[in-house]
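Colleague: These protein sequence lines map, in sequence, to chains V and P. Under the working numbering, the first residue of the first sequence carries the number 1, and numbering increases by one thereafter. Under the working numbering, the first residue of the second sequence carries the number 1, and numbering increases by one thereafter.
Hints in this document: simulated from the structure, not taken from any laboratory. Fair warning: there could be bad hints in the mix.
[Unchecked claim] Label-pair distances were calculated between CB atoms; the ranges are:
1. P:Phe158 x V:Glu278: 52 to 58 Å
2. P:Ser168 x V:Glu278: 53 to 59 Å
3. P:Lys146 x V:Pro10: 39 to 45 Å
4. P:Ser168 x V:Thr321: 32 to 38 Å
5. P:Arg180 x V:Gly143: 38 to 44 Å
6. P:Lys157 x V:Lys84: 41 to 47 Å
7. P:Phe10 x V:Asp318: 30 to 36 Å
8. P:Lys184 x V:Lys284: 51 to 57 Å
9. P:Ser97 x V:Lys342: 39 to 45 Å
10. V:Leu52 x P:Phe10: 54 to 60 Å
11. P:Tyr167 x V:Glu176: 55 to 61 Å
12. P:Phe158 x V:Lys342: 50 to 56 Å
13. P:Lys146 x V:Gly143: 32 to 38 Å
14. P:Lys157 x V:Gly319: 31 to 37 Å
For every residue, glycine included, the Cβ atom is placed at its ideal position computed from N, Cα and C.
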Amino acid sequence: MKQMKLFLGPQHPGMHGNASVHLFVDGDIIKRSYLLPGMLHRGFEKAMERKLWVNNISLIPRVCVPEPDINEMAYAQGVEKLLKLEVPERAHWIRMIMLELARISAHLMSYGGLGGPTGHYTLMYHAHADRNSILDIFEKISGARVYHQYIVIGGVRQDLPKGIEKDINAFLDDLESRYIEYRDLGIENPSVVARIKDTIMLPEEVVWELGVTGIGMRSAVGKPYDLRKVMPYARYDQVEFEVPTSTYSDARSRVDIKLKELVQSISIIRQCLKKMPEGPVRVKPSRGQSMRWTVPKGYVYSPVESSRGEFGYYMVSDGGTNPYRIGVRGASYPQGLLGIEKYMPGTRIDDCALWVDTMGICSPEIDR
Amino acid sequence: MTNSMSNIEFVNTLVNKHVKPLVTDIIDQFQVGYVVDQNEIHLLLSALKNEGWIQMSYLSAVDWPEENKFEVVYVIFNWDKPVYIQLRTKIDRTNPSMDSIIQIYPGAKYYERECHEFFGIAFPGNPDYEKQLILEQWDDIPPLRKDFDPQAYSDRKFPQRTYTEDYSVTNNEPSKAEKRKLRKQRAESLKGGKKQ
Chain V
1 MKQMKLFLGP QHPGMHGNAS VHLFVDGDII KRSYLLPGML HRGFEKAMER KLWVNNISLI
61 PRVCVPEPDI NEMAYAQGVE KLLKLEVPER AHWIRMIMLE LARISAHLMS YGGLGGPTGH
121 YTLMYHAHAD RNSILDIFEK ISGARVYHQY IVIGGVRQDL PKGIEKDINA FLDDLESRYI
181 EYRDLGIENP SVVARIKDTI MLPEEVVWEL GVTGIGMRSA VGKPYDLRKV MPYARYDQVE
241 FEVPTSTYSD ARSRVDIKLK ELVQSISIIR QCLKKMPEGP VRVKPSRGQS MRWTVPKGYV
301 YSPVESSRGE FGYYMVSDGG TNPYRIGVRG ASYPQGLLGI EKYMPGTRID DCALWVDTMG
361 ICSPEIDR
Chain P
1 MTNSMSNIEF VNTLVNKHVK PLVTDIIDQF QVGYVVDQNE IHLLLSALKN EGWIQMSYLS
61 AVDWPEENKF EVVYVIFNWD KPVYIQLRTK IDRTNPSMDS IIQIYPGAKY YERECHEFFG
121 IAFPGNPDYE KQLILEQWDD IPPLRKDFDP QAYSDRKFPQ RTYTEDYSVT NNEPSKAEKR
181 KLRKQRAESL KGGKKQ
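Taking the hints into account, I'd like the entire structure generated from these sequences.
Modeller: Put into structure tokens, the structure is as follows:
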């Protein structure tokens, strides 16, 4: 039979964002496939070299659109490592609250995204409604809904507003009470399970070959390989949480882990709110100049655990007021490019959208 | 803390067993960087992979035009002994070429492709490092080199337009003082009684 070329994306219910998967299909079996990035390339790595260290705070959240806070954290952490700057105790805890709220919102968005390829839009509406409540909390804390620019070099921009604990707790209680409902809507729902069970497998050796991290890796390897546990940053060593894993990685088990992580994030935020000390939240990175300060020479790689895997910034300073080079390691780089090229052939057309969703492929961070 | 410090020592002895690093810099308890010779990268990477550094996190380059060098950077990670290892090596800037590492880390394929696109470094051994990935029909020097000027590029690529009509905004509104005068006149004209 003749091979046909199909485009999945950029406009497709199962493809979130500005990349396109080119599929060469025979019937509905994929024979050859590759990702075509570049539709959202904004030249951020070059732009960052031309700005001051502190100016880049407004640029970096745009690197990954669905989950901007990890960018701020990775960048701030890296610069603090170069400066040998000690962040106030309270700032660490506020950062953790922000990061975990961001993780919940990213997981909800991607769980809702499962509604696209499986044709189950109720899930999407519910998930986005809940994500909206998180955005309301973010707005109260930082004044912005999506790009907060709240985690800055030396701490956080300002202290939490009064009474925000009540809002956060109310939201967490609400989300927890509907957790069972969420499971029933998605991964326990027979019509969805038929689509996601035993499809697009990810065996362990493929994980190591591609270099997949995050949920993709933990669902296949069965070990708690989470940067928050393995090399704790902020104050993740002082809170108790579990890292859900499995040894059988199909689309369903990956989504299942995502939901279990949601529960862990809820518990982390509650612990943070309880253990958080009082005190200052920000130290100045330098004395004198408020913006044109310099950073000592050095090379540093600053990783954080995002909702999709290890996300890192590689930073080089030559001792000047601007960064010399900043490189971004997108969490979905391996599974998005090499994964689609190597492991999509042999599966069906509709499985491709599920791979893109359950592996959390985020095209803005591939493009930068 | 003690455990992770001993991890760094473990890495140090391991690396020194295989090669003589030119520079060692310990960044913190989870990260260490080495500068090694270009010919020793493959040997060291495969030795470290056998010892458990199975994840390749990042591959990129840094441009140093004053020294006429490119610095290629490899970042690898071991999940059981949590230490990030940065391996850096300087290669010549004219006709830069670095043998591919996809035989050791297959995941490096696209990183090398991107590195070629943004720095112009050749990676012989990688079957399609020369293919276009992100930049469509690029017609200038690779953009992340330091001598590439984005401002000059955009001025050349997108020249200033000349407009036949004048679209500049002009303000025909009367000034505040004039408005006040007009208001006063109108109020006078509306006054009843005998006009003088």
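Colleague: Each hint should be assessed against the structure and marked as holding or not.
Modeller: Now for the hints, and whether the structure bears them out:
1. A hinted range of 52 to 58 Å for the beta carbons of P:Phe158 and V:Glu278 is consistent with their spacing of about 53 Å.
2. Between P:Ser168 and V:Glu278 the CB atoms are about 56 Å apart, so this pair conforms to the stated range of 53 to 59 Å.
3. Range check, P:Lys146 to V:Pro10: about 33 Å between beta-carbon atoms, so the 39 to 45 Å window is missed.
4. Here the CB-CB span from P:Ser168 to V:Thr321 is close to 37 Å, well matched to the stated 32 to 38 Å.
5. One distance hint, 38 to 44 Å for the beta-carbon pair P:Arg180 and V:Gly143, holds here, with the actual separation near 39 Å.
6. Distance hint check: the CB atoms of P:Lys157 and V:Lys84 are about 42 Å apart, consistent with the given range 41 to 47 Å.
7. Take P:Phe10 and V:Asp318: their Cβ atoms lie about 31 Å apart, and the range 30 to 36 Å holds.
8. Our hint of 51 to 57 Å for P:Lys184 and V:Lys284 holds, since their Cβ atoms are close to 56 Å apart.
9. At roughly 26 Å, the beta-carbon separation of P:Ser97 and V:Lys342 lies outside the given 39 to 45 Å, and the hint is violated.
10. In this structure the hint that V:Leu52 and P:Phe10 lie 54 to 60 Å apart at CB is violated, the actual value being about 39 Å.
11. Here the CB-CB span from P:Tyr167 to V:Glu176 is close to 57 Å, well matched to the stated 55 to 61 Å.
12. Separation of P:Phe158 from V:Lys342 is about 38 Å and departs from the stated range, judged on CB atoms against 50 to 56 Å.
13. For P:Lys146 and V:Gly143, the hinted distance range of 32 to 38 Å is satisfied, since their beta carbons lie about 37 Å from each other.
14. Between P:Lys157 and V:Gly319 the Cβ separation comes to about 33 Å, which falls inside the hinted range of 31 to 37 Å.
Figure legend: structure checked against the earlier numbered hints; hints not met, in rising order: 3, 9, 10 and 12.
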